[in-house]
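Chemist: Take a look at the letters that make up each chain.
Number of protein chains: 2
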Amino acid sequence: MTMKYGIVIFPSKKVQDLANSYRKRYDPHYALIPPHVTLKTFEASAGQIREASDTLSSIAKNHKDFDMSIKKVSSFQPVNNVIYLKIEPTDGLNQLHQEINEKIIGEKPEYAFVPHITIGQKLSNDEHSDVYGSLRMSDVGHEETVDRFHLLYQLENGSWSVYETFRLGKD
Amino acid sequence: MTMKYGIVIFPSKKVQDLANSYRKRYDPHYALIPPHVTLKTFEASAGQIREASDTLSSIAKNHKDFDMSIKKVSSFQPVNNVIYLKIEPTDGLNQLHQEINEKIIGEKPEYAFVPHITIGQKLSNDEHSDVYGSLRMSDVGHEETVDRFHLLYQLENGSWSVYETFRLGKD
Chain A
1 MTMKYGIVIF
11 PSKKVQDLAN
21 SYRKRYDPHY
31 ALIPPHVTLK
41 TFEASAGQIR
51 EASDTLSSIA
61 KNHKDFDMSI
71 KKVSSFQPVN
81 NVIYLKIEPT
91 DGLNQLHQEI
101 NEKIIGEKPE
111 YAFVPHITIG
121 QKLSNDEHSD
131 VYGSLRMSDV
141 GHEETVDRFH
151 LLYQLENGSW
161 SVYETFRLGK
171 D
Chain B
1001 MTMKYGIVIF
1011 PSKKVQDLAN
1021 SYRKRYDPHY
1031 ALIPPHVTLK
1041 TFEASAGQIR
1051 EASDTLSSIA
1061 KNHKDFDMSI
1071 KKVSSFQPVN
1081 NVIYLKIEPT
1091 DGLNQLHQEI
1101 NEKIIGEKPE
1111 YAFVPHITIG
1121 QKLSNDEHSD
1131 VYGSLRMSDV
1141 GHEETVDRFH
1151 LLYQLENGSW
1161 SVYETFRLGK
1171 D
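Residue numbers (the numbering used here), protein chains in the order written: chain A, 1 to 171; chain B, 1001 to 1171.
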C-alpha cells in the first residue's frame, strides 16, 4: 500500500499568517495544510519512504541555509487560476529543488520550477479576476532565511501530517 | 514577543485516520491540528525556543523508541467533556513526558499525566452522553512504536505548524 507524500518548506509564522489571511477566503485547502512552498509530491510504500528519508537527510546535510525573498502576488493564469506569493528564484532554492527531484522517487517535474506559496485556488474565472485584481498590487515584500524542510504525508481526509524535519547543513 | 508552542506525538496514519473519523463530527479543533498526544504546551520567545530546541534534541537522544498501546475510548467527565482514545501508560512514555516537563520552560503540570488522543471536545452534556455512550464500547485496540516527537507553534488562526521533528535515540 502506498501513501502520498510531500516535501515542503514552511515559511516563518509571519508569512504563514499573511498567507492564511488570504487563504481563509480564497483557498479551499486552507484547513488541510499550513502555507507552504512545495518542492515535490510523490507516492511511496513504507519501505520506499525509509529510503527516501535517508536520502533527504543526506541532501539536507549537503545544502546550506539560503535566503527566500517574496516580492509580489502573482497568478498562473491562463494555465490555471492559482494566485500565489511569488518567491524569487535563488541558487540555494533551485539547487535544493533539483537535487530532491533527481534523487527522490516519483515523476520528474514536467515544467520549470516556479517557487510559490498558494494563497488562492479553485476560483472561477470571475472570482480570479476580482481577487487577483485587488491583490496584485499588494505590498508583500519580505525576506527570510530557510534552514529546514519537511516531509509530510496525506491522511484519508485530505489533510497533511508532518513525518520528519530536515535541517540544512546539519548532521 | 512570545509564541505558543506545543510538543506532541503524532500517531501513525492508521490511528490519525481513525481519530479523524470521530473528530470530524465531535471535535471543533479537527481542522487546526492532526490527531496527537500532547506532551507539553508553553509560551516562548525566539531566543527561548532556540534553547528549547537544543534541549529537546538532547532529550530525544537519551530516550529509546517505545510502544504505545491504545485500548479503549474514555472520557474526562466530570472534569470536562473531552472524549479520547486512552493510551496505556508505559515507562517509555512517562519518562519522556517527565523529562520534557522538567527541562523545558513553562508551567509544571498540575495533574497526573493521562496520555490521550482527543476525539471529541466542547460537547454539551447531552452531546457528551450520547457520543460517549455510543463510542465507549468501540473496539479501538491498537499498538505501535513511537520513534519521534514534534515541536509545533500556533499560527494566528489557531492552527498549528510543525517547527521541528526529534527522533528518539538519534544523534
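Don't read these hints as lab results, they were simulated from the structure.
Don't take each hint at face value.
Unchecked claim - Calculated Cβ distances over 10 Å to all of chain A for the following chain B residues: (1) Pro1034; (2) Ser1069; (3) Asp1130.
What the hints assert, rightly or not - If you want the footprint, here are the derived chain A segments under chain B, 3+ residues with CB under 8 Å: (4) 5-16; (5) 150-156.
Note that beta-carbon positions come from the ideal geometry of N, C-alpha and C, so glycine has one too.
Chemist: When I compare C-beta atoms, does the region 150-156 of chain A have three or more residues closer than 8 Å to chain B?
Modeler: holds (count 4)
Chemist: Closest CB-CB distance from B/Pro1034 to chain A, is it above 10 Å?
Modeler: violated, 4 Å
Chemist: Taking a Cβ-Cβ distance under 8 Å as contact, does the region 5-16 of chain A have three or more residues in contact with chain B?
Modeler: holds (count 3)
Chemist: Confirm or reject: B/Asp1130 is not an interface residue toward chain A, with every Cβ-Cβ distance exceeding 10 Å.
Modeler: Per Cβ check, B/Asp1130 is outside 10 Å of chain A; nearest 23 Å; holds.
Chemist: Examine each Cβ of chain A, and state whether all of them lie more than 10 Å from the Cβ of B/Ser1069.
Modeler: holds, 20 Å
The earlier numbered hint that this structure contradicts is number 1, and it is the only one.
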